[in-house]
Amino acid sequence: PATPSLKVGGLDLDYFSPKEYIIGGTTVTGTQYLDKDVLITLSKLTKGDKVVLPGEATSDAIKTLWAQGLFDDVKINIEKFVQDSVYFEIEVVERPRLTSIDLKGISKSQRTAIQEKLNDKTGKIVNDNLYNTTSAIIKKYMLEKGYFFTKIDYKTRKDENAENSVVLETYIDKGARVKVQHIDFTGNTEFKSAKLRKYLKSPKQFTWWRFYGSGKFVKDKYEENKVKMIAKMQDKGYLDASILKDTIYQYNKKKVNIRIDLYEGKKYYVGSVTWAGNAIYPDSILNKVLTIERGQIYSEEKLNKKLNGGGENGGDINSLYTDNGYLTFNIDPVKTIRGDTVDVELRIGEGPQFTNNRITLKGNTITNDKVVLREIRTKPGQKFNKSDLIRTIREIGQLGNFDESKTVPTPRPNPADGTVDIEYAVEEKPSDQIELSGGFGGGRIIGTLGLTFNNFSLRNLFNLKAYKPLPKGDGQKLSLRGQTNGKYYQSYSFSFSQPWFGGEKPVSFGVSAFTSLQSNGLSNGDAGFQKIRLNGVTVSLGRRLNWPDNYFQLSHAVNLQQYILNNYAGYLFSTGTSYNLNLSQEISRDSRDSPIFPKSGSYLRFTIQATPPYSLFNKVNYATASDKDKYRFTEYHKWKFDSQWYQRVAGNLVIKAQAQFGFLGQYNKAVGQSAFERFKLGGDGMQGFDFLQGSELIAMRGYANNTVIPVGSDPTVAQQSGSPIYTKYVLEARYPVIASQQATAFVLAFAEGGNTWNKFSDFNPFNIRRSVGVGARIFLPIFGLLGIDYGYGFDAIPGLPDSNKGQFHFSIAQQLGGF
Amino acid sequence: CKSSFEKLRASNDVAKKYQEALRLYNKRDYSKALVLFEDLSQKYRGRAEAEDLNYYYAYTLYRLSDYTTARYQFKSFADTYPASKNAEEARYMGAYCFYLESPAFSLDQENTYKAIDALQLFINLYPTSDRAAAAGKYIADLRGKLEDKAFENAKMYLTTGPSNVDNYRAAVIALKNAQRDYPDIKYAEEMDFLMIKAQYLYAKNSYVIRQEDRYNEAIELYTEFTENHPDSKFAKDAKQLKADAEVGIVTTKEELALYAADQEKYKQMLIRTGKLKDTLSTKPTNADNTNIKN
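Protein chains in written order, with the numbering used here: chain D, 6 to 824; chain W, 72 to 365.
Keep in mind that a hint or two might mislead.
[To be verified] With a Cα cut of at most 30 angstroms, we get these calculated BS3-like pairs of lysine-lysine:
1) D:Lys367 x W:Lys208
2) W:Lys310 x W:Lys257
3) W:Lys185 x D:Lys411
4) W:Lys216 x D:Lys411
5) D:Lys197 x D:Lys109
6) D:Lys160 x D:Lys129
7) D:Lys271 x D:Lys226
8) D:Lys203 x D:Lys307
9) D:Lys367 x W:Lys146
10) W:Lys275 x D:Lys470
11) W:Lys226 x D:Lys434
12) D:Lys434 x W:Lys216
13) W:Lys324 x D:Lys470
14) D:Lys184 x D:Lys80
15) W:Lys146 x D:Lys510
16) D:Lys473 x W:Lys324
17) W:Lys226 x D:Lys473
18) D:Lys510 x W:Lys307
19) D:Lys163 x D:Lys184
20) D:Lys367 x W:Lys247
21) D:Lys129 x D:Lys145
22) D:Lys473 x W:Lys307
23) D:Lys340 x D:Lys307
24) D:Lys197 x D:Lys250
25) D:Lys470 x W:Lys103
26) D:Lys367 x W:Lys103
27) W:Lys307 x D:Lys411
28) W:Lys146 x D:Lys473
29) W:Lys216 x D:Lys470
30) W:Lys146 x D:Lys388
31) D:Lys510 x W:Lys304
32) D:Lys109 x D:Lys184
33) D:Lys367 x W:Lys310
34) D:Lys510 x W:Lys226
35) W:Lys208 x D:Lys473
36) D:Lys160 x D:Lys197
37) W:Lys275 x D:Lys367
38) W:Lys185 x D:Lys388
39) D:Lys231 x D:Lys197
40) D:Lys470 x W:Lys304
Just so you know, the hints here were simulated from the structure itself, not pulled from any lab data.
With the hints as extra help, turn the sequences into a complete structure.
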């Protein structure tokens, strides 16, 4: 900054004898963009005014001008004296003004956050002061994010859009995030330091073996976690626990140490537990639910959990009331401390018991009311029940037409008549799937087109008005799929299902049909023509059970299949027609919390499929009969069992455990094993174009398709025919990467084991082929589930050298490994 | 090579564009006209031609069945040029677009309510208009739709009764609520009849101990029904339900008597064999308590 100087011809004015002058005129020099007259007015050195020199007027003028923040330098010179008059010259050095600060070297979100803090800097001039304050703000922010060694560099650039303006380019070198070497505690006697570090969660102190959550130090997270750590200590009865002081100090260039001085205080115990305001339930019942008794260690967390719960399982005081109509119930725990004892008085406001009245739906722009309303568990006339409300949200989600996270029930109580209206707001989501693919297989191009409509409306099939672009809204499912590579392979299938068949009960009805053909490509009349054609139709009925619990389902199906073989090798007979009429029964229990990425629950399935025992009454002598008679009606009975368990272990990491077993039996030794419906184990389990229908494909990663054949069997025969017995076990760790409405994706690591057998006497569930591997799945609403896995099979299959070791598997639109 | 339309579109000759847009509109080439109107509506802002332009723009959207945008444009026209000779028409068309956007009764009726409000507003603004009568008819239509919804959704509980007994009770309540919400609902007679049916089925599927009261409620509903609808086409069926309910009451009383007799017999046996003291027998047995549900 310049000091005021008053010079006339190089001589200083005499400060000891000030004298009054009249201002004869003031001029301004050095301006570029600023208005001179405005500056003169600001300086108050107006022509005609009286001024004492040397005096305060000139220094005030400099202060005022300086305060504008527009100048790099301000000087007031006396140009000349003419008699009593003085002529001033104001000399300024203008500075460009700052229009914006451009931050470089940091992420977008960091940029936005810093910009907000720097907002009032624009319009000022660029000088050291600006650099210093800007640097301080950025450094402080980066410090909170764990960057202790931020370096900042500046460059100014002329702003093309405004006069005399510059943009400050700020280059930020974040450096590495600081890690934590040690976290030490003092003042702790009851809690071990290791335990406290666990409570603190993050930052974690340095360990050489840690790969994830590498102990980066993030200030605001640390502040949050300190509070949580104290809360955990309080939950163990140490109500007075607190942090006296915490210090963060440098360990080396990249690491810091943390020391936390604690006050543990004493341990508190539960004293008396009393209830007030409860009329509906006696103390004895409430105490039974509360399970907090005199003499227990006092835990705030447990108390809250027992009072207000969380989750739909109940077992807390809140659920006891809100599941029985007491919608406006509230509870207020009043704590009194005596020495190391906490007396708890629980004051309850029961409120009236509410009965459900109007149940309405909002937001269903595609799906018809009844499709949703019939699934809603809160019905008019029932007592309000919160658990039912929560389960309804999940069940609306399971319909597949709505975004589960946006299903919001709003209860509106009318205390006047003790009723409650509940409105369920939903949001439709796209639920149709399309599969369109072209691929190369067996030396030919193969094309697939598959369409699945999950919210179809059959009754509107002929109502053109309802086409948007298809008749929708009745919750029916329609799938169409075709796959062909021309003459060699063709397959077409269709299925339709209706969840409330007849509209009265949740009985699902399904019908499906398929036809497929595989041939050697020659024309029909050719002597060398080989083909297998399969036609099939299935009708099924399923219903939900209320016993043993309401997660059970029972379904029945009748299947009729026709196999037409023409010179087709690899079966028990090569030319002829065979029929397979069977009845299947399945009982399943599905308590998975989500169909795509279950985090908890289980899925159990037991299926029996059986044909009539023709050989008992058809009088065919199977020892002498021709193939044609022998195989005209296939007979077998087939048993399958599948169990899947999902369990969340830590954070979002989920473990899936699965066991499967399948057995194909015969009624009559003379007839022999059925040629159809056998199991083929190994690979991706996908119905590829080279797949012979009439057998069941079971995925097993780490082995090539259909290569896990019984030990000691002839590979060519066993691969063609499949095997009557199989078992498979999977242990899989899954971790979600994306979880949004647009996509769900997760990565997984698995270990699998499985095998096939030809005879029950050979069967040994522990003699298995094993594999391990990793993979990923992505679910896109329109494409369904897509997956890729890499598996490594440990056990060589005799005769099939390429079947194990490293294998890649792709899967589409199905859960890999199911049957 | 650009078509002449594309050339015009890219050009700045607003007058020519305006003429062409009108020509396309009259030729019913609405999608092309729309492109030009959209462009022009920006450029003519604050000029005399803007009024007509806005009017045609709204109609073009309407012709293209984009009712959401059309009703917005009609409303903005009516708000901007309240004195225009077309203001009334625009306000009417705006409300009519809402009417067209009202979905089937089985879907969310938010637009139906909005349409009723918009049409009502039109009638209030132009009570003497020729269009007021049509607007009134549309309102009646929309109200009918809401009645359909209330009726069908209430009936749904009766239809799905076999899946859950509570649905019969829900049906009675929902039918009552629908009548309360729409006092002159066209299905009133049928609804009163269905209420008897639902109540009868509810009673029939209840635990024996609860049946008598519930049958009686069905009979009460029948009495009300005959008072309100003396010559109903449902009279015969309703009477049958009443008769069935009366039989039901007799049966349930017999069953309860038999049950009580059994209990008494069992008690006497216990007393005879010395397993139970007579004084204890006044206490209700567990068997009674298990029937409290439903």
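Hint by hint, here is what the structure shows:
1. D:Lys367 x W:Lys208: Cα-Cα ~26 angstroms, so holds.
2. W:Lys310 x W:Lys257: With a Cα-Cα distance of about 22 angstroms, the restraint between Lys310 (chain W) and Lys257 (chain W) holds, given a limit of 30 angstroms.
3. W:Lys185 x D:Lys411: OK: Lys185 (chain W) and Lys411 (chain D) at ~23 angstroms, within 30 angstroms.
4. W:Lys216 x D:Lys411: With a Cα-Cα distance of about 27 angstroms, the restraint between Lys216 (chain W) and Lys411 (chain D) holds, given a limit of 30 angstroms.
5. D:Lys197 x D:Lys109: violated (45 angstroms)
6. D:Lys160 x D:Lys129: holds (16 angstroms)
7. D:Lys271 x D:Lys226: Since the Cα atoms of Lys271 (chain D) and Lys226 (chain D) sit roughly 28 angstroms apart, the hinted pair holds (cutoff 30 angstroms).
8. D:Lys203 x D:Lys307: Judged against 30 angstroms, a Cα distance of about 19 angstroms means the pair holds.
9. D:Lys367 x W:Lys146: It holds: about 26 angstroms lies between the C-alpha atoms, which stays within 30 angstroms.
10. W:Lys275 x D:Lys470: violated (42 angstroms)
11. W:Lys226 x D:Lys434: Status holds; Cα separation ~28 angstroms.
12. D:Lys434 x W:Lys216: Status holds; Cα separation ~25 angstroms.
13. W:Lys324 x D:Lys470: Roughly 55 angstroms between the alpha carbons, so the hint for Lys324 (chain W) and Lys470 (chain D) is violated.
14. D:Lys184 x D:Lys80: violated (52 angstroms)
15. W:Lys146 x D:Lys510: violated (47 angstroms)
16. D:Lys473 x W:Lys324: violated (56 angstroms)
17. W:Lys226 x D:Lys473: At roughly 27 angstroms apart (the allowed maximum being 30 angstroms), Lys473 (chain D) and Lys226 (chain W) satisfy the hint.
18. D:Lys510 x W:Lys307: holds (28 angstroms)
19. D:Lys163 x D:Lys184: Violated, because 40 angstroms separates the two Cα atoms, which is more than 30 angstroms.
20. D:Lys367 x W:Lys247: The given pair, whose Cα atoms are some 21 angstroms apart, holds under the 30 angstroms limit.
21. D:Lys129 x D:Lys145: holds (21 angstroms)
22. D:Lys473 x W:Lys307: violated (44 angstroms)
23. D:Lys340 x D:Lys307: It holds: about 14 angstroms lies between the C-alpha atoms, which stays within 30 angstroms.
24. D:Lys197 x D:Lys250: It holds: about 18 angstroms lies between the C-alpha atoms, which stays within 30 angstroms.
25. D:Lys470 x W:Lys103: The given pair, whose Cα atoms are some 26 angstroms apart, holds under the 30 angstroms limit.
26. D:Lys367 x W:Lys103: Roughly 37 angstroms between the alpha carbons, so the hint for Lys367 (chain D) and Lys103 (chain W) is violated.
27. W:Lys307 x D:Lys411: violated (48 angstroms)
28. W:Lys146 x D:Lys473: Given that 30 angstroms is the threshold and the Cα spacing comes to 27 angstroms, the pair holds.
29. W:Lys216 x D:Lys470: holds (17 angstroms)
30. W:Lys146 x D:Lys388: The given pair, whose Cα atoms are some 46 angstroms apart, is violated under the 30 angstroms limit.
31. D:Lys510 x W:Lys304: holds (29 angstroms)
32. D:Lys109 x D:Lys184: Holds: Lys109 (chain D) and Lys184 (chain D) sit about 24 angstroms apart, inside 30 angstroms.
33. D:Lys367 x W:Lys310: The given pair, whose Cα atoms are some 38 angstroms apart, is violated under the 30 angstroms limit.
34. D:Lys510 x W:Lys226: holds (14 angstroms)
35. W:Lys208 x D:Lys473: holds (27 angstroms)
36. D:Lys160 x D:Lys197: violated (52 angstroms)
37. W:Lys275 x D:Lys367: violated (34 angstroms)
38. W:Lys185 x D:Lys388: violated (33 angstroms)
39. D:Lys231 x D:Lys197: Holds, because 16 angstroms separates the two Cα atoms, which is no more than 30 angstroms.
40. D:Lys470 x W:Lys304: Not satisfied, since the Cα-Cα distance of roughly 34 angstroms exceeds 30 angstroms.
The structure fails to meet hints 5, 10, 13, 14, 15, 16, 19, 22, 26, 27, 30, 33, 36, 37, 38, 40 from the earlier list, while all remaining hints are met.
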